[in-house]
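Same order as they appear, the protein sequences are chains A and B. Its first residue numbered 1203, the first sequence is counted upward by one per residue in the numbering used here. Its first residue numbered 1203, the second sequence is counted upward by one per residue in the numbering used here.
These are computed hints drawn from the structure, not numbers from a lab. No false leads were slipped in.
Below, a list of computed lysine-lysine pairs in the DSS-like style, where the Cα atoms sit at most 30 angstroms apart:
(1) A:K1277 to A:K1348
(2) A:K1231 to B:K1231
(3) A:K1277 to A:K1353
(4) B:K1277 to B:K1353
(5) B:K1348 to B:K1277
(6) B:K1277 to A:K1231
(7) A:K1277 to B:K1231
(8) B:K1277 to A:K1277
Computed from a predicted model, the values in this text were never measured in an experiment.
Protein chains: 2
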Amino acid sequence: MTEDSKSTNIVWHQAQVSQSDRETQVGHKGAVLWFTGLSGSGKSTIANAVEAALHDRGCRTYVLDGDNIRHGLNKNLGFSDEDRQENIRRIGEVTKLFCDAAVLTLTAFISPFQSDRDAVRELAGDRFIEVFVNTPIEICEQRDPKGLYQKARAGEIPEFTGISSPYEAPESPEIDVHTDEQSIEECAQQVVDYLVTNQFISA
Amino acid sequence: MTEDSKSTNIVWHQAQVSQSDRETQVGHKGAVLWFTGLSGSGKSTIANAVEAALHDRGCRTYVLDGDNIRHGLNKNLGFSDEDRQENIRRIGEVTKLFCDAAVLTLTAFISPFQSDRDAVRELAGDRFIEVFVNTPIEICEQRDPKGLYQKARAGEIPEFTGISSPYEAPESPEIDVHTDEQSIEECAQQVVDYLVTNQFISA
Chain A
1203 MTEDSKSTNI VWHQAQVSQS DRETQVGHKG AVLWFTGLSG SGKSTIANAV EAALHDRGCR
1263 TYVLDGDNIR HGLNKNLGFS DEDRQENIRR IGEVTKLFCD AAVLTLTAFI SPFQSDRDAV
1323 RELAGDRFIE VFVNTPIEIC EQRDPKGLYQ KARAGEIPEF TGISSPYEAP ESPEIDVHTD
1383 EQSIEECAQQ VVDYLVTNQF ISA
Chain B
1203 MTEDSKSTNI VWHQAQVSQS DRETQVGHKG AVLWFTGLSG SGKSTIANAV EAALHDRGCR
1263 TYVLDGDNIR HGLNKNLGFS DEDRQENIRR IGEVTKLFCD AAVLTLTAFI SPFQSDRDAV
1323 RELAGDRFIE VFVNTPIEIC EQRDPKGLYQ KARAGEIPEF TGISSPYEAP ESPEIDVHTD
1383 EQSIEECAQQ VVDYLVTNQF ISA
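Throw the hints in and build the complete structure from the sequences for me.
What follows is the structure, given as structure tokens:
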């Protein structure tokens, strides 16, 4: 190794690929689509439908949900208030990284507290898009795909959101979808339209 | 919403975009290039050079390093043995997610312990590529870009890797680069060549 190439180390380190470089490469912005809503509201279903639609358009996409987070990054967290907050904090930090990587990142977590969601918004800035999956609890409980409401009503699950623990509806979500009135396809289309209108992706 | 579209919720949830779908879209595999080596060995420099080369080829890339991890996801961790282990564990879990998103993920952390690196290898399976930045400590200390060795020698930094805390060199790294003998460009090319030879990316 020559003295010259040694001295270029610093310069090389500076020559990083930036978020802007990655966005130019892929042709869309990085963003965080933060789906929030009750258990059974349809968060994962819609997030996956949106991801499929975006993928078909050639976008970089990724969905973070209980399946890939609770058994991985956050497997050492429980359900205390402190751990729930740390759960959302870590997810928020990961979405920031994915956003920096120019990925349209979709998250599907109940995330019942406004303060936790606001903290993530703070991180992601104008790349944060709050999607309220606004399904009445009666419908969620009727669907009860995992039988959780039944268990919660029987007292088998303490602090279950909507039953024995509060859900704080978003105060001013960027997107509000109603799965009791719209089909999954319509909800997904509404999200995609928002991204186009707000120039995260091209038409 | 019709009864029909309600009943398709489960099907929609199943219709997820997979790692394989994303890899087909982008034309290369997801992988974890785990750079390990002493402070000042050149991990970040080479990782950034490799990222630039891969980005120029149109690959999806991202670098995780102290800059974007220590002040974000892992800002609530210190430098105790337990926290150092948790630091690497979380980074490993994040690389697994990026790898699933079909991103060529590069990490630049000292990661001195074989057991921690092996745990990440366990997570990422055959997508894990250990890159040993094999720079003698004398060279690292001579470079000392952040003045850390000087502080460590003065006793101002406890448990400094290579001085007062061990560095366990990789037992069988996939790639071994020597910044005391090779230029940064040569080291970066060696990594890119490995990816081509092992069909992570096309030639």
